[in-house]
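K.L.:
Just so you know, the sequences run in chain order S and E.
Numbering that gives the first Met the number 0 numbers the first residue of the first sequence as 0 and each following residue consecutively.
Numbering that gives the first Met the number 0 numbers the first residue of the second sequence as 0 and each following residue consecutively.
In short, the hints are calculated from the structure, not lab data.
A portion of the hints provided could be inaccurate.
As the list claims (entries may be wrong) - Cross-link-like lysine-lysine pairs, in silico, BS3-like; alpha carbons within 30 Å at most:
1) E:Lys80 x S:Lys132
2) S:Lys91 x S:Lys132
3) S:Lys91 x S:Lys126
4) S:Lys126 x E:Lys80
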Amino acid sequence: MSLTRREFVGTSLTSAAAFAALPSLSFAATADEAIAAYYRRRGHIGCRDHLDRARNCRERLNTVQIEVSAPGAEEIIMFAAGNPNPNVATFKFGPMSGSQAATTRIRLASEQDVVAIAKMPDGSFLKAVSNVKVTIGGCGG
Amino acid sequence: MAENVTPRVRAPREASVGEVVSVRTLISHPMESGMRRDGDGNVIPRSIINRFVCTFNGEVVVDVTMEPSIATNPYFQFEAKVMESGTFNFTWYDDDGSVYEDSSDITVS
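All chains should be modelled from the sequences, with the hints used to inform the complete structure.
P.N.:
Printed below as a string of structure tokens:
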């Protein structure tokens, strides 16, 4: 059985376990490729985020509050493509959840793209990318 | 070893049947990423909370796997749909094996 690399990466993503199995350092690039090759439909996944400038002026230079939502998703995984370790978090929504949305605070090494990928019950994936500016060392940006 | 880890939870005490309620959690924790070095150039070992689970009457609301990119004092906001009175249970799992717990009751009418 011969598989191209692209097919192999796509296949490995079909199981949730594969999320954890892939090497973390190359995850950002491989995740992008795999999802681009694999997900079948583009939905209305929303990825909104904002920079808390007031807080950035103080000690938490690079802490950013991120809100992510994907109605109907069973799982949302987030990456920060510019961080040394791009993995951020995986949200799994259980039967008692009221919406497939969550807010959290993450560290960003610099201005970069934050990627959210939602796994839908039918096996498809949705992706949203949002560029986040981080002001380090002042409030100018 | 993280010290003075204090979970804080804000969830409504009352709701109507089928209402979607917002839950906010914050836990004080340094979330040492394992990437930083101390003054002598030695890597400071990773020490984070790696998992957070919220359940309502034993059923999962949200189950979060956390990585070092989560900021200090992890904060989460999410929503739960309540059909009956019960208890939210919140559990955080630390790298060092510690488990932190909190709970919040809600009356549904």
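K.L.:
Given the hinted pair Lys91 of chain S and Lys132 of chain S, is their Cα-Cα distance within 30 Å?
P.N.:
holds, 27 Å
K.L.:
Do the alpha carbons of Lys80 of chain E and Lys132 of chain S lie within 30 Å of each other, as the hint requires?
P.N.:
violated, 34 Å
K.L.:
Is it true that the CA of Lys91 of chain S sits at most 30 Å from the CA of Lys126 of chain S?
P.N.:
Holds, because 16 Å separates the two Cα atoms, which is no more than 30 Å.
K.L.:
For the pair supplied as a hint, Lys126 of chain S and Lys80 of chain E, confirm whether the alpha-carbon distance does not exceed 30 Å.
P.N.:
Measuring from Cα to Cα gives roughly 26 Å; hence the hint holds.
When the structure is compared with the earlier hints, a violation turns up for hint 1 alone.
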